[in-house]
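Q: What follows is the residue order along each chain.
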Amino acid sequence: MAVMISWPLLFSQLFNGLALGALLALTSAGLTIIYGALGVVNFAHGAFFMVGAYAGYLAFAYTDSFVLAMAVGALFAAGVGILLERSLIRFYYARPPEDQILLTFGLAIVLVELVRAVFGSLSRRVAVPAWGAGVVNLGFMIYPRYRLEALSIVALTLSVLGLLLYRTRQGFIVRAGIEDSLMVSMLGINVARIFLLVFALGAMAAGFAGIVDAPIVTVNPDMGQDLLVRAFVVIVIGGVGSFGGAVLGGLIAGEILSLTAMINPAYSDVMLYAAMAAVLILRPQGLMGAEGRR
Amino acid sequence: MSLLEVDRINAYYGDSHILFDVSLRVEARETLALLGRNGAGKSTTLKSIMGVLAPRSGRVLLDGQPIHGLRPFEVARLGVQLVPEDRRIFAGLSVEENLELAALTAPHALDPAQIFTHFPQLGQRRKNRGRDLSGGEQQMLAVARALVRDPKLILLDEPFEGLAPVLVQELVRAIRRLAEQGRTIAIVEQNVTATLSLAQRCYILSNGHVVHEGAARELRKSPEIMGRYLGL
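As you go down the protein sequences, you meet chains A and B in turn. With my numbering, the residue at position 27 of the first sequence is 27, and numbering never jumps. With my numbering, the residue at position 142 of the second sequence is 1142, and numbering never jumps.
If you are wondering where the hints come from, they were derived from the structure by calculation, not from laboratory data. Careful, some of the hints might be misleading.
[What the hints assert, rightly or not] To give a feel for the contact side, a few chain A residues facing chain B, derived at Cβ under 10 Å:
| no. | residue |
| --- | --- |
| 1 | Ala176 |
| 2 | Ile178 |
| 3 | Glu179 |
| 4 | Ala192 |
| 5 | Leu196 |
[What the hints assert, rightly or not] Covered stretches of chain A, going by a simulated chain B footprint (3 or more residues, C-beta under 8 Å):
| no. | stretch |
| --- | --- |
| 6 | 62–71 |
| 7 | 162–173 |
[As the list claims (entries may be wrong)] From chain B, some residues computed to sit far from chain A (all C-beta separations above 12 Å):
| no. | residue |
| --- | --- |
| 8 | His1017 |
| 9 | Asn1098 |
| 10 | Leu1101 |
Think of the CB as a built atom: it goes at the ideal place given N, C-alpha and C, for glycine as much as any other residue.
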């Protein structure tokens, strides 16, 4: 089989991989920190991505402002996250993982079907905002402007999350809580309050990723579930509970998916799983994960 | 009034009944030993005091106020610190950060410099991460982390476990200095000799029951009791 790969195509796929990777990183960062600090495998995380995309889609349709749409997407997902954490998920922190999975998986189905009931199953197109229209000539290739902007926005958001985690008092507590939340509590810190914050921020990051990604893909009720599976692979590669691992794992996964797609799209996910298997064999705690977490 | 009073508590892990009407008190400024074989319920008693495990019945009073049913962070804010048996040092945080975290919610937190005069070795390693410390240093840090909150009561769960004899002696000296400064300390241990060298009073637990209470000095002279309950 002779595959013709030109330099512009390769560059373009590398950039696509970077954009996809940054998006995966943003979604996975929330997932991995929720798991690390709360011990909950959150199967509803993909649904936060999806509701963020829909909320943003509606806001964009009514206001014509994509900036506002991004804010609405992020805040709506955070709101749904807070509601679910307070009303249901917090009662499952001390329960066995299978109970948590049943709950969050069930919540994901409810959210997906609610959205389907309102909007139908058909994909909705979200137009590229005016400031993202057209292409940019980078010299060595021509690339859609919005994709570059989305990449920058996501990179900036990841940096802000990183600063929150590594430069604030709350972030300090979260990092300690990821290691051992009971010990944090025995040092006089109300971890339940921090847990809610973690959950809300994680959901917000996912919702924000959803609306930023919407003009690149399309919006449909199942968009979150495919992403969720990949996000799980990302955190296994990067190391569960590690923010840096989610970023690194996301970028690796994005490039694997994108570069494999250049040769044969059917093998993209296969290659991703192969990479995950390799990591599990060579470094079971993930690239940046710590051994022996509690 | 005792600083801490545990009054007929019953604790369970799931369906298994672990503590049966356990009562004990800790007087201010004393060092108390809680002895017993493996599985006697010593750690469970400390966890029940700390709010990690809620007793199903009975009362725990701190300065006469009930604290059973409170969550661990609330008990900690009232001035009780548990140094858990597996130390639970934050491996990814430095020595200083471990202390800083502990001090966050303490109203009268001690200055780390004060702590380092107690544990000079920790001072030298202040920038090192928890995971890079030796077992002895981790134990020192676990005690220091409790101390930095300036607690009314320090609960030490098996502090000597897994330490080389020379480190046990060093830790015994550090605990004795704390006691001499007026700290109230309750120690749960299998290392009877080291513990009785520190304590004024002791309780012995067996199968979840308090089976002996008395002065540490007398227990040292009663091979019969030590043999029956501690297998010595």
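Q: Which of the numbered hints are not met once you compare them with the structure shown?
A: Hints 5, 6, 9 and 10 are the ones this structure does not satisfy, whereas the remaining hints hold.
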